[in-house]
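Given chain A's structure and the hints, the job is docking chain B onto it.
Protein chains: 2
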Amino acid sequence: MIIQNVKGGYDFLPKEQKIRNYINDILRSTFEEYGYLPIETPILCYYDMLAGKYDENNDILKEIYKLSDQGKRNLGLRYDLTVPFAKFIAINKNELRLPFKRYEINKVFRDGPVKVGRDREFTQCDVDVVGIANQAIEAELIDLYVKAFKKLKIDVKIKINSRKLMSGLILNAGVSEELVSPAITIIDKIDKLSEDDFKEELRTLDLQDDAINDLCRYFKLSFADLITTFKDTDNALINEGIAELKSLFNYIDDLGISSSIVFTPSLARGQDYYTGNVFEVYEANGKLTGAIGGGGRYDKMITEFIGDGNIYPAVGISFGLTSIFALLKDRDEFKNTSNVDIYIIPLDTMSQALHLASNIRELGLKVDIEMNDRKVKKSLDYCNKEGIKYVIILGSDEIKNEAFKLKNMEDGTEEVINFANLTSILSKF
Amino acid sequence: MIIQNVKGGYDFLPKEQKIRNYINDILRSTFEEYGYLPIETPILCYYDMLAGKYDENNDILKEIYKLSDQGKRNLGLRYDLTVPFAKFIAINKNELRLPFKRYEINKVFRDGPVKVGRDREFTQCDVDVVGIANQAIEAELIDLYVKAFKKLKIDVKIKINSRKLMSGLILNAGVSEELVSPAITIIDKIDKLSEDDFKEELRTLDLQDDAINDLCRYFKLSFADLITTFKDTDNALINEGIAELKSLFNYIDDLGISSSIVFTPSLARGQDYYTGNVFEVYEANGKLTGAIGGGGRYDKMITEFIGDGNIYPAVGISFGLTSIFALLKDRDEFKNTSNVDIYIIPLDTMSQALHLASNIRELGLKVDIEMNDRKVKKSLDYCNKEGIKYVIILGSDEIKNEAFKLKNMEDGTEEVINFANLTSILSKF
Chain A
2 MIIQNVKGGY
12 DFLPKEQKIR
22 NYINDILRST
32 FEEYGYLPIE
42 TPILCYYDML
52 AGKYDENNDI
62 LKEIYKLSDQ
72 GKRNLGLRYD
82 LTVPFAKFIA
92 INKNELRLPF
102 KRYEINKVFR
112 DGPVKVGRDR
122 EFTQCDVDVV
132 GIANQAIEAE
142 LIDLYVKAFK
152 KLKIDVKIKI
162 NSRKLMSGLI
172 LNAGVSEELV
182 SPAITIIDKI
192 DKLSEDDFKE
202 ELRTLDLQDD
212 AINDLCRYFK
222 LSFADLITTF
232 KDTDNALINE
242 GIAELKSLFN
252 YIDDLGISSS
262 IVFTPSLARG
272 QDYYTGNVFE
282 VYEANGKLTG
292 AIGGGGRYDK
302 MITEFIGDGN
312 IYPAVGISFG
322 LTSIFALLKD
332 RDEFKNTSNV
342 DIYIIPLDTM
352 SQALHLASNI
362 RELGLKVDIE
372 MNDRKVKKSL
382 DYCNKEGIKY
392 VIILGSDEIK
402 NEAFKLKNME
412 DGTEEVINFA
422 NLTSILSKF
Chain B
2 MIIQNVKGGY
12 DFLPKEQKIR
22 NYINDILRST
32 FEEYGYLPIE
42 TPILCYYDML
52 AGKYDENNDI
62 LKEIYKLSDQ
72 GKRNLGLRYD
82 LTVPFAKFIA
92 INKNELRLPF
102 KRYEINKVFR
112 DGPVKVGRDR
122 EFTQCDVDVV
132 GIANQAIEAE
142 LIDLYVKAFK
152 KLKIDVKIKI
162 NSRKLMSGLI
172 LNAGVSEELV
182 SPAITIIDKI
192 DKLSEDDFKE
202 ELRTLDLQDD
212 AINDLCRYFK
222 LSFADLITTF
232 KDTDNALINE
242 GIAELKSLFN
252 YIDDLGISSS
262 IVFTPSLARG
272 QDYYTGNVFE
282 VYEANGKLTG
292 AIGGGGRYDK
302 MITEFIGDGN
312 IYPAVGISFG
322 LTSIFALLKD
332 RDEFKNTSNV
342 DIYIIPLDTM
352 SQALHLASNI
362 RELGLKVDIE
372 MNDRKVKKSL
382 DYCNKEGIKY
392 VIILGSDEIK
402 NEAFKLKNME
412 DGTEEVINFA
422 NLTSILSKF
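From first to last, the protein sequence lines are chains A and B.
Mapping of the first sequence onto the numbering used here: residues 2 to 430, in sequence order.
Mapping of the second sequence onto the numbering used here: residues 2 to 430, in sequence order.
So that you can see chain A by itself, here it is in the shape it has in the complex:
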């Protein structure tokens, strides 16, 4: 019998799980302040549904864990929360009112190479809305990002772009339709490459020198310069892209959060299904190189998935929980494993200790009791190691006097508390 974890899956110890719960609780409350509702969808899905939108050579198919049940159904473990969301809308559309705003925080599985930040079993956190075409919703989601990261005390910069503008610019440079997608993959890396290397990569697509020079120039322009440069263009994608970004930036200005965003014309945000504005969140001080969140508008995916003739415009963002965890884990506030407020050491007073603990818990405090008859010194050592701040030693004198000393393990001070006046303990917390 092999007693170990499967590659790419991890146990989260209490010290870690406490931080993960802290992050989830902040995110959940923020999502709900913005009107997003919780849902939960199953992990086990029909394999055909998971594979449906990809052609058979797509790498993602290799990474789907396949299995079958006793009824010989072909199943798979979901690899994201977006396909399950589309399925959720398709199945439940008659019970939902659009616009429908939901969040889901749950596990997904990918049978791929394991490296730092890439596990096989991990938790995704998605916030999506279906049924709103107006850019106001993108602005609201950017505002949600700003608010959530402020609560998490993480400084962020949010890169914003438009996939329409990006495609329009590429076409305008003279690149043919079928090369837009591979060109986007290269342009997405413009900030990581020297100009020569960038041009070199574009040349692999057999582009003309003029096109390459145009692309070099376009994707370094500021938003103001793009507007000026293309004020007379008849390229519909550029015009729509600029109009939608203008609308979004106006809302963001009025929300007073423009210092958190930066227009980044080369931002592609990977996924092919994005159709409009896209965003990516970075820690502002460079503590992490990768993104800690991202999303965008995808008006076609759910529409095509459901295929009932209705249009289902959609916008979604996600939070990179593993990266956020990495940014928080070394903070002082998380240095203790225990989150016990008070530890009771009974000296032949177990019954009274149980009762006292129960009464203190009624006040909302976290209380633990020594139950293994360890020596007092050993118990105090345990409290010091676990970082438990307050201790009560409960002996026969305490029972007789109906009072105990609440000992502060950090500064050694003690305060007498009467059983009859337990609530006075709350002044310490």
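Stretch by stretch, here's where chain A covers chain B in the computed footprint (C-beta under 8 Å, at least three residues): (1) 36-45; (2) 81-91; (3) 127-141; (4) 255-264; (5) 367-379.
The following residues of chain A were derived to be distant from chain B, with all beta-carbon distances above 12 Å: (6) K116; (7) E179; (8) V181; (9) P183; (10) F264; (11) N419.
Worth flagging that the hints you see were computed from the coordinates, not collected in a lab.
The beta carbon of each residue, even a glycine, is placed where N, CA and C say it ideally should be.
Coordinates of chain B only, in the frame set by chain A:
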């Protein structure tokens, strides 16, 4: 492409998920008040580890979903949280201090028959402690049960028994060692069978009439009568079982919660791995026939699983989330789908609406905005259907006057709130 859920797996709509989150939040905070810490373990496990403790004909093996990864490892989806807990202790024992108290609320999978209350993919909620042999911990867990169900406003009766006492009584009736386990399965049903049917079932084990009569009598005795009947016995299991129950009942008396418990000598609590006191929780007014929680002491399972020569006494309880959900779902407090506090209807004031919403959210309230240019009447209908109590109609007059009316949709009253004094809105919540 099949767009549906796999048999035995369900989408939880917001209305349902809100209740599930409500339950989880109450349970989590209660567990932490009692010193239990959160952990999370992986769903994907080595198949051999999951199957390890069962012989190859055990039904549970058929119900394990099997799969393999690209590295040809034989894997399975976990079917409970107890094996993962034992594995967690085995792997992480050097980083943990005993006693170790943890809870985990997460998904498990069983490829078995689907019926009411039996899904293939469902959430388990387990609270376990390893490293305490004293019955004080059982008392504390019973107290936790009482407290948690009180917070959930569910009246409960907790049945308590001792597996030692039960085995001792069966052996004392003259049943042979190898028939104890099948006898327990029958005795567990004593309250559901007539005396004749009960005897009939026992006869299938080829027991003597004397033994059958003894079993009939023993398992209807009160705790006091059992003590009297067996005060001079030299049956060690009966003596230990009674002593441990006495210790537990004393603690429970002193905790002032004995009205919530009932000694039930026929209670077996299924699982073979229990070695001492066992408990099962029932809704007190018969609203559900099945148990809504249960657990007990299992001193051998982790000890044998780890096999490092140390003893790992353990006690655990679980909460039946599906049953608890069934008891809560029709409560008035959960009748609304939405949990939005205030709905803003902008009349050509989207930017200001976004800003106002963001500021009200800063106060901790849940705010949503109409973004589809629907007519005011339609938006108000939407609020009524969703059960949203407060509405703000934001037009140019409101912007000019720097004030808006907060309209109560239930009684039609309105109150003027100045932008400069937004916090006054909190008096309504």
